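*Asks:* Protein chains in written order, with my numbering: chain A, 1498 to 1842; chain B, 1243 to 1466.
To be clear, the hints were calculated from the coordinates, so they are not data collected in a lab. None of these values were measured; they are calculated from a predicted model. Even for Gly, the Cβ is constructed at its ideal location relative to N, Cα and C.
What follows is a list of derived Cβ distance ranges for each label pair:
1. A:Asp1566 <-> B:Ile1376: 15 to 23 Å
2. B:Ser1450 <-> A:Ser1599: 49 to 57 Å
3. B:Ser1450 <-> A:Glu1698: 53 to 61 Å
The calculated lysine-lysine pairs, modelled on BS3-like cross-linking and capped at a C-alpha distance of 30 Å, are:
4. A:Lys1721 <-> A:Lys1738
5. A:Lys1658 <-> A:Lys1798
6. A:Lys1792 <-> A:Lys1718
7. B:Lys1254 <-> B:Lys1351
8. B:Lys1315 <-> B:Lys1335
9. A:Lys1545 <-> B:Lys1284
10. A:Lys1571 <-> A:Lys1513
11. B:Lys1335 <-> B:Lys1324
12. B:Lys1351 <-> A:Lys1508
13. B:Lys1388 <-> A:Lys1571
14. A:Lys1511 <-> A:Lys1718
15. A:Lys1571 <-> A:Lys1511
16. A:Lys1614 <-> A:Lys1673
17. A:Lys1513 <-> A:Lys1556
18. A:Lys1673 <-> A:Lys1545
19. B:Lys1351 <-> B:Lys1335
20. A:Lys1792 <-> A:Lys1658
21. B:Lys1286 <-> A:Lys1511
22. B:Lys1388 <-> A:Lys1618
23. A:Lys1511 <-> A:Lys1548
24. A:Lys1508 <-> B:Lys1284
25. B:Lys1315 <-> B:Lys1258
26. B:Lys1286 <-> A:Lys1548
27. A:Lys1502 <-> A:Lys1548
28. B:Lys1284 <-> A:Lys1548
29. A:Lys1545 <-> B:Lys1286
30. A:Lys1513 <-> A:Lys1673
31. A:Lys1721 <-> A:Lys1784
32. A:Lys1548 <-> A:Lys1571
33. B:Lys1286 <-> A:Lys1508
34. B:Lys1388 <-> A:Lys1616
35. B:Lys1284 <-> A:Lys1511
36. A:Lys1658 <-> A:Lys1618
37. A:Lys1502 <-> A:Lys1545
From chain A, some residues computed to sit far from chain B (all C-beta separations above 12 Å):
38. Gln1627
39. Leu1744
40. Pro1745
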Amino acid sequence: MIEVKVEKRLKDFKLKVSFSSRAPITAFFAPSGSGKSLTLQTIAGLIKPDKGRVEVNGKPFFDSERGIDLPPQKRKVGYLFQDYALFPHMTVFENVAYGARSRDKVYELLKTLKIEKLKDKYPSQISGGQKQRVALARALATEPEILLLDEPFSALDRSLKEELYGEIREVQEKFKVPVVLVTHDHEELFELAGWIVILEEGRSVQEGRPQELFFNPSSLKTAKLLGHRSFIEATVVEVGKSSLVKLPSGKLLRCRKGEFRPGDRVFVSILPNSLSLSLTDEVNRVKMVVRRVKKGMEIDKIFALFEGKEVELHLPSSLSPNFLFQEGRESTFYLSVEHLPLIRR
Amino acid sequence: MSLSPEVLFSIKLSLKVSLLATLLIFLTGLPLAYLLAYREFKLKNFLDALITLPLVFPPVVTGYILLLIFGKKGLLGELLFKLFGFTVVFNWKGALLASFVAAFPIFVKGARASLEAVDRRLIEVSYTLGKGRIETFFRITFPLAKQGITASLILSFARALGEFGATLMVAGNIPMRTNTIPLEIYSAISEGDFGKANLLTALTALFSVAVIYAVNRLSGGRKV
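With these hints in hand, go ahead and build the complete structure from the sequences.
*Replies:* So, in structure tokens, the structure goes:
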């Protein structure tokens, strides 16, 4: 349980972030330089906001109105820096023991995180993934109220990442500690987070459950950030179980339901995975000219011309080669209504 | 070429003066270096410039200014003399003062740079792990900056040992009273006693080589 509403003015940057999450794992999602780390630092007490409130598990860490500002030492926040910031002059054991309650706790954590064998090594003698486990153990040793992870996987390779996703989830469940992590990786976001906060240029622009957020981005910018690729301008004609919109050519398209009224100007986001194989009620039938096909290991990417714009559609490679998707050919595509969200213009 | 009483005296006095100056520099310079490295306060730049002055002034000028301040008619000197009968002029305490002032900036600048080189995030991690400023300093900051601080301390000791110009102005060149090694060498040469000058020069050279070796070893990367 974490509630944050802070403002901080810096030399050439303004931070204005507010969110509230009950999810076990909350993710800050944003491009670099949008104030993610800064927000973590205000939660940890390393930076003092100009005004606002920070509350974790019902405990006020900071409240400008009530004059509360706990020093970092009293907040019990486990902070993992991007490159782990292990103490280079201490062994793994000494690192973990640094803030620990007891030696038993240290041994327990070394065991849980499978780093017992490394206990007498120095940080410079272990790998990136091992460093992360040590940093995690060191943070957990203080029995923190919350774990803050600043881009914890950015320096690791893919297979290691997946292993560590599982570990973070395990740690979260075992120690019942809420986790806030910063990322700009989609995979991380949808794999781990139960709640997502989107930051843009120092401001929190949207928050919500991953599914909700993904299908209802509040702006084009957010949509792009979340991985939407192709957008077509349209006007809402009719709303109901789904939304009917009019495309520039005058054609009608059935799209995902949203909080819109007839006449609203919108973008239709053609999600890459909107391709459907069969024609049912939930599907639009449209004609597009295939421009390029990019074959991949798992998916083929098809770039086709639709309403004068190039849209990107993904298809499992197992369905190719498919004569329908030959370059230069006009083909019929079935687009799933649920995968055509609308974004306000 | 035997060790005359003057030579022995100068060696003893030099060691006493420079060791004591180095100790005082360490005790007062380290807190100052910490403040300059980590805290923001008014007049920080002014303080920094003030400390640097002896590094850029000709030592004789530094000595003259010290005389203006601590001389028996000086701003502070007069008060000290009237109240406590204490003076630094023409005695070994003058040599100590001159060495202290001349070597102080070398230590403070080096120690500050060593402290600033410690990864700020390590200090912040220590805070989030529940440790206060003092414990963090002794367990994280100081151990990580130790080599640089020690190297700076050795350099400032060498500077204190070699102090000549300011010492000459404040303590004077009095045999068996204020003659440190550099002053003794100066006197020996003025008197044409090259044997004595050579002996003391050789001693100084030997010591300098030892200092360079020690500093290089300490600043040559972390062992871990």
